[in-house]
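Undergrad: Go ahead and model the full structure; you've got the sequences and the hints to work with.
As you go down the protein sequences, you meet chains A and B in turn. At position 328 of the first sequence the residue is numbered 328 (my numbering), and the sequence of numbers has no breaks. Just so we're on the same page, my numbering is the position in the second sequence counted from 1, plus 384.
The hints are simulated quantities; they were obtained by calculation from the structure and are not laboratory data. Please note that a few of the clues may not be correct.
[To be verified] Computed cross-link-like contacts, DSSO-like style, restricted to lysine-lysine with a CA-CA straight-line distance of at most 27 Å: (1) K57(A) with K257(A); (2) K723(B) with K339(A); (3) K641(B) with K661(B); (4) K345(A) with K332(A); (5) K723(B) with K701(B); (6) K610(B) with K441(B); (7) K226(A) with K723(B); (8) K76(A) with K57(A); (9) K317(A) with K332(A); (10) K203(A) with K716(B); (11) K661(B) with K587(B); (12) K441(B) with K661(B); (13) K203(A) with K587(B); (14) K441(B) with K277(A); (15) K441(B) with K460(B); (16) K610(B) with K332(A); (17) K57(A) with K317(A); (18) K723(B) with K661(B); (19) K332(A) with K661(B); (20) K701(B) with K661(B); (21) K203(A) with K317(A); (22) K76(A) with K339(A); (23) K716(B) with K226(A); (24) K57(A) with K277(A).
There are 2 protein chains.
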Amino acid sequence: MQFAAALPLQSGASLRDYHLSFETYGTLNAARSNAVLVCHALNASHHVAGVYAGQDKSEGWWDNMIGPGKPLDTNKFFVIGVNNLGSCFGSTGPMHTNPDTGRVYGAGFPVVTVEDWVDAQARLLDALGIQTLAAVMGGSLGGMQALSWTLQYPGRVRHALVIASAPNLTAENIAFNEVARRAITTDPEFHGGHFYDHGTVPKRGLRIARMIGHITYLSDDVMNEKFGRDQIAPALVASLAALPPGDVRATSAVPYKFSTLEAEFQIESYLRYQGDKFAEYFDANTYLLITRALDYFDPARRYNGNLSLALARASAKFLLVSFTTDWRFAPKRSREIVKALLDNKRDVSYAEIDAPHGHDAFLLDDPRYISVVRSYFESIEVQA
Amino acid sequence: MQFAAALPLQSGASLRDYHLSFETYGTLNAARSNAVLVCHALNASHHVAGVYAGQDKSEGWWDNMIGPGKPLDTNKFFVIGVNNLGSCFGSTGPMHTNPDTGRVYGAGFPVVTVEDWVDAQARLLDALGIQTLAAVMGGSLGGMQALSWTLQYPGRVRHALVIASAPNLTAENIAFNEVARRAITTDPEFHGGHFYDHGTVPKRGLRIARMIGHITYLSDDVMNEKFGRDQIAPALVASLAALPPGDVRATSAVPYKFSTLEAEFQIESYLRYQGDKFAEYFDANTYLLITRALDYFDPARRYNGNLSLALARASAKFLLVSFTTDWRFAPKRSREIVKALLDNKRDVSYAEIDAPHGHDAFLLDDPRYISVVRSYFESIEVQA
Numbered sequence: 001m002q003f004a005a006a007l008p009l010q011s012g013a014s015l016r017d018y019h020l021s022f023e024t025y026g027t028l029n030a031a032r033s034n035a036v037l038v039c040h041a042l043n044a045s046h047h048v049a050g051v052y053a054g055q056d057k058s059e060g061w062w063d064n065m066i067g068p069g070k071p072l073d074t075n076k077f078f079v080i081g082v083n084n085l086g087s088c089f090g091s092t093g094p095m096h097t098n099p100d101t102g103r104v105y106g107a108g109f110p111v112v113t114v115e116d117w118v119d120a121q122a123r124l125l126d127a128l129g130i131q132t133l134a135a136v137m138g139g140s141l142g143g144m145q146a147l148s149w150t151l152q153y154p155g156r157v158r159h160a161l162v163i164a165s166a167p168n169l170t171a172e173n174i175a176f177n178e179v180a181r182r183a184i185t186t187d188p189e190f191h192g193g194h195f196y197d198h199g200t201v202p203k204r205g206l207r208i209a210r211m212i213g214h215i216t217y218l219s220d221d222v223m224n225e226k227f228g229r230d231q232i233a234p235a236l237v238a239s240l241a242a243l244p245p246g247d248v249r250a251t252s253a254v255p256y257k258f259s260t261l262e263a264e265f266q267i268e269s270y271l272r273y274q275g276d277k278f279a280e281y282f283d284a285n286t287y288l289l290i291t292r293a294l295d296y297f298d299p300a301r302r303y304n305g306n307l308s309l310a311l312a313r314a315s316a317k318f319l320l321v322s323f324t325t326d327w328r329f330a331p332k333r334s335r336e337i338v339k340a341l342l343d344n345k346r347d348v349s350y351a352e353i354d355a356p357h358g359h360d361a362f363l364l365d366d367p368r369y370i371s372v373v374r375s376y377f378e379s380i381e382v383q384a
Numbered sequence: 385m386q387f388a389a390a391l392p393l394q395s396g397a398s399l400r401d402y403h404l405s406f407e408t409y410g411t412l413n414a415a416r417s418n419a420v421l422v423c424h425a426l427n428a429s430h431h432v433a434g435v436y437a438g439q440d441k442s443e444g445w446w447d448n449m450i451g452p453g454k455p456l457d458t459n460k461f462f463v464i465g466v467n468n469l470g471s472c473f474g475s476t477g478p479m480h481t482n483p484d485t486g487r488v489y490g491a492g493f494p495v496v497t498v499e500d501w502v503d504a505q506a507r508l509l510d511a512l513g514i515q516t517l518a519a520v521m522g523g524s525l526g527g528m529q530a531l532s533w534t535l536q537y538p539g540r541v542r543h544a545l546v547i548a549s550a551p552n553l554t555a556e557n558i559a560f561n562e563v564a565r566r567a568i569t570t571d572p573e574f575h576g577g578h579f580y581d582h583g584t585v586p587k588r589g590l591r592i593a594r595m596i597g598h599i600t601y602l603s604d605d606v607m608n609e610k611f612g613r614d615q616i617a618p619a620l621v622a623s624l625a626a627l628p629p630g631d632v633r634a635t636s637a638v639p640y641k642f643s644t645l646e647a648e649f650q651i652e653s654y655l656r657y658q659g660d661k662f663a664e665y666f667d668a669n670t671y672l673l674i675t676r677a678l679d680y681f682d683p684a685r686r687y688n689g690n691l692s693l694a695l696a697r698a699s700a701k702f703l704l705v706s707f708t709t710d711w712r713f714a715p716k717r718s719r720e721i722v723k724a725l726l727d728n729k730r731d732v733s734y735a736e737i738d739a740p741h742g743h744d745a746f747l748l749d750d751p752r753y754i755s756v757v758r759s760y761f762e763s764i765e766v767q768a
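TA: Below, the structure is given as structure tokens:
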């Protein structure tokens with residue numbers, strides 16, 4: 001959907017003549033009371049569920065959660081996925097033309113914040129004739145948007161599902177974002193963000209950024225379980241594992257390559273593969289913008305760090321979910337939000353799921369997690 | 385000290401006509417029974433203690449631990465620091481000339497392992513006329529060398545102090561090393577490791593590598609305490625902190641820069657500074673070699689992962705120390721070593737220090753830590 005009117009941004013800049021890509025699932029009821037907005041995180045889009053005709057592998061990124069009969073049941077709810085401004089999956093972003101200059105935005109694309117995205121989403125709802133959301137839902141950075149909805153438009157959202165999220169980033173979170181950004185911006189092919197003009201892509205930087213990201217998405221435990229110290233010759237490793245301890249044949253039977261350049265361990269080739277794949281399709285300026293939006297989100301900031309004061313505006317009911325092995329957005333960060341809501345006597349449910357998968361768990365099929373979300377949506381009343 | 389005879393390496397390659405830089409502190413006694421070898425980690429050298437004449441800021445990297453009257457008391461012990469092969473602080477490394485080719489080693493410098501370093505250190509002791517060490521001591525990668533000493537030369541080492549170390553790297557540890565290496569090797573100035581010939585230095589890669597390293601050396605807690613979400617205008621931040629919560633003047637008084645390229649938070653400028661400093665003096669090939677030595681160390685490997693079998697050869701007495709917030713080499717990794725030694729009925733002391741500083745704690749002045757090391761060295765008998 002195209003929007004002509006300028007959207008004022010937190011930075012003081014504005015965006016006009018912008019496009020928002022979105023998808024909907026299910027049917028908006030007559031009372032327009034069953035809409036659920038699903039917000040995405042770094043590497044995702046408006047395509048939250050379902051497959052495109054003739055494209056078997058085009059499953060939406062939260063397809064396990066959203067669809068007919070699924071926890072967020074599209075037989076009951078009208079689900080909306082929106083691609084955020086600055087992203088690279090359809091909505092207006094740095095690879096598009098700036099109507100003011102007639103040139104590609106590139107590094108000139110304004111810095112957008114979680115609050116800006118929420119404002120843009122609200123305009124989309126206006127255009128769709130939806131005044132009030134039955135719920136807003138998101139994981140990670142998407143959870144920040146869900147939380148921000150309850151502060152920016154408290155009268156327009158009845159329920160918020162904030163999953164594997166945080167009230168702001170820690171210094172360590174920012175640090176990882178910064179290293180990833182520096183890898184991109186110091187790549188000679190970045191050209192100060194105007195790489196489109198040079199016909200280049202800063203793939204080296206994108207690969208490094210993605211590799212760093214992947215490490216922080218997984219738990220130490222799950223990485224040990226999936227990869228451990230396994231070397232790249234898996235058949236050989238398996239045959240050795242069958243030998244009794246101390247067997248002389250095991251002594252040097254999986255020889256190291258003794259190379260600093262070749263991948264030796266499976267975790268290395270996994271990360272290289274993930275980095276290579278990401279660099280083929282993700283936009284470098286988008287990476288910078290989205291990580292910066294993460295850094296900047298901090299609703300308590302204007303309350304001198306007092307989150308309870310900051311969340312006083314929220315009137316929605318909440319479900320928060322965290323995962324025990326998520327060290328990127330640890331359970332204690334969700335508990336900060338829970339505490340601040342309880343300080344304001346808000347209606348809040350909280351589930352801390354004992355899952356081994358780290359931050360990635362919010363996209364996976366842990367049965368307790370799925371069941372908590374299902375129950376929560378079942379409890380939401382929708383007047384037709 | 386120069387060594388003409390070839391040193392056979394684990395890889396099958398060998399090094400000849402190599403140099404080992406070392407320093408000694410204190411006096412070797414007549415019985416040659418008071419020598420303590422101190423092994424270094426990634427970014428350190430043979431200069432473990434003291435200052436060089438006329439250079440006030442040239443303190444050795446473990447100067448808080450080693451010196452007259454210090455925990456490792458050089459009035460009692462004869463301390464030896466050795467720079468490892470492949471390093472960039474004096475001993476033969478990739479920036480030196482290969483005697484076989486007459487050209488700089490560069491990427492042709494053979495991959496060296498913890499075991500190779502220990503072998504080289506043993507040759508140095510031979511040359512110094514020291515048959516038996518009163519103790520070998522190291523932190524992190526240095527602790528791996530101390531452990532390996534007890535396995536490779538069980539008859540030559542009476543005590544081993546293995547601090548903030550591990551019996552091998554986890555998948556996550558290897559993953560961080562791999563990202564750092566990829567940042568270096570994909571830097572266009574790396575030239576496949578032959579950057580000396582091109583008159584370049586892959587500084588971009590080194591900066592990223594160091595930034596990643598720094599994140600893993602610190603705990604999340606200490607990073608929050610030191611930097612938190614503080615922005616780069618510290619005076620302004622301080623004046624705002626004095627305002628009561630919700631004061632309107634706090635609302636936007638520390639404006640964000642809304643930039644993806646400029647450093648916004650103090651943690652960002654700290655990391656950039658550390659990266660810049662490191663790239664000025666550290667050698668890129670050395671970084672690859674030393675992280676690879678970390679990856680490869682795994683004494684249980686030839687025993688099918690059975691660490692108890694692997695450590696059966698050790699006859700030294702042990703002190704192990706770990707730090708609660710060290711997530712790089714977590715306490716549970718030290719406990720694996722302790723357990724394997726106890727399985728072999730070895731004499732082992734273990735201290736798990738409740739310190740906030742993460743992996744870096746092993747270089748800092750935690751009083752309990754210092755006191756444990758002091759007591760241990762006091763308990764070591766030295767026959768004159």
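Undergrad: Is it true that the CA of K610(B) sits at most 27 Å from the CA of K332(A)?
TA: Within the cut-off at roughly 19 Å; holds.
Undergrad: Holds or violated: K723(B) with K661(B), Cα cutoff 27 Å?
TA: 40 Å, violated
Undergrad: Holds or violated: K76(A) with K339(A), Cα cutoff 27 Å?
TA: Roughly 31 Å between the alpha carbons, so the hint for K76(A) and K339(A) is violated.
Undergrad: Are the Cα atoms of K441(B) and K277(A) separated by 27 Å or less?
TA: 47 Å, violated
Undergrad: For K610(B) and K441(B), compute the direct alpha-carbon distance and say whether it is at most 27 Å.
TA: It holds: about 23 Å lies between the C-alpha atoms, which stays within 27 Å.
Undergrad: Assess, step by step, whether the Cα of K701(B) is no farther than 27 Å from the Cα of K661(B), and give holds or violated.
TA: Violated, because 39 Å separates the two Cα atoms, which is more than 27 Å.
Undergrad: Hinted pair, alpha-carbon criterion (27 Å max): K441(B), K460(B). Please report holds or violated.
TA: Holds, at about 26 Å.
Undergrad: With the threshold set at 27 Å, check whether the alpha-carbon distance from K203(A) to K317(A) stays at or below it.
TA: 43 Å, violated
Undergrad: Just to be careful, I want the Cα atoms of K332(A) and K661(B) compared with a cutoff of 27 Å; is the pair within it?
TA: Not satisfied, since the Cα-Cα distance of roughly 35 Å exceeds 27 Å.
Undergrad: Would the hint linking K203(A) and K716(B) be met if the CA-CA limit is 27 Å?
TA: 37 Å, violated
Undergrad: Given the hinted pair K641(B) and K661(B), is their Cα-Cα distance within 27 Å?
TA: Judged against 27 Å, a Cα distance of about 25 Å means the pair holds.
Undergrad: Hint check: K345(A) vs K332(A), CA-CA at most 27 Å. Holds or violated?
TA: 19 Å, holds
In summary, the numbered hints that this structure violates are 1, 2, 10, 14, 17, 18, 19, 20, 21 and 22.
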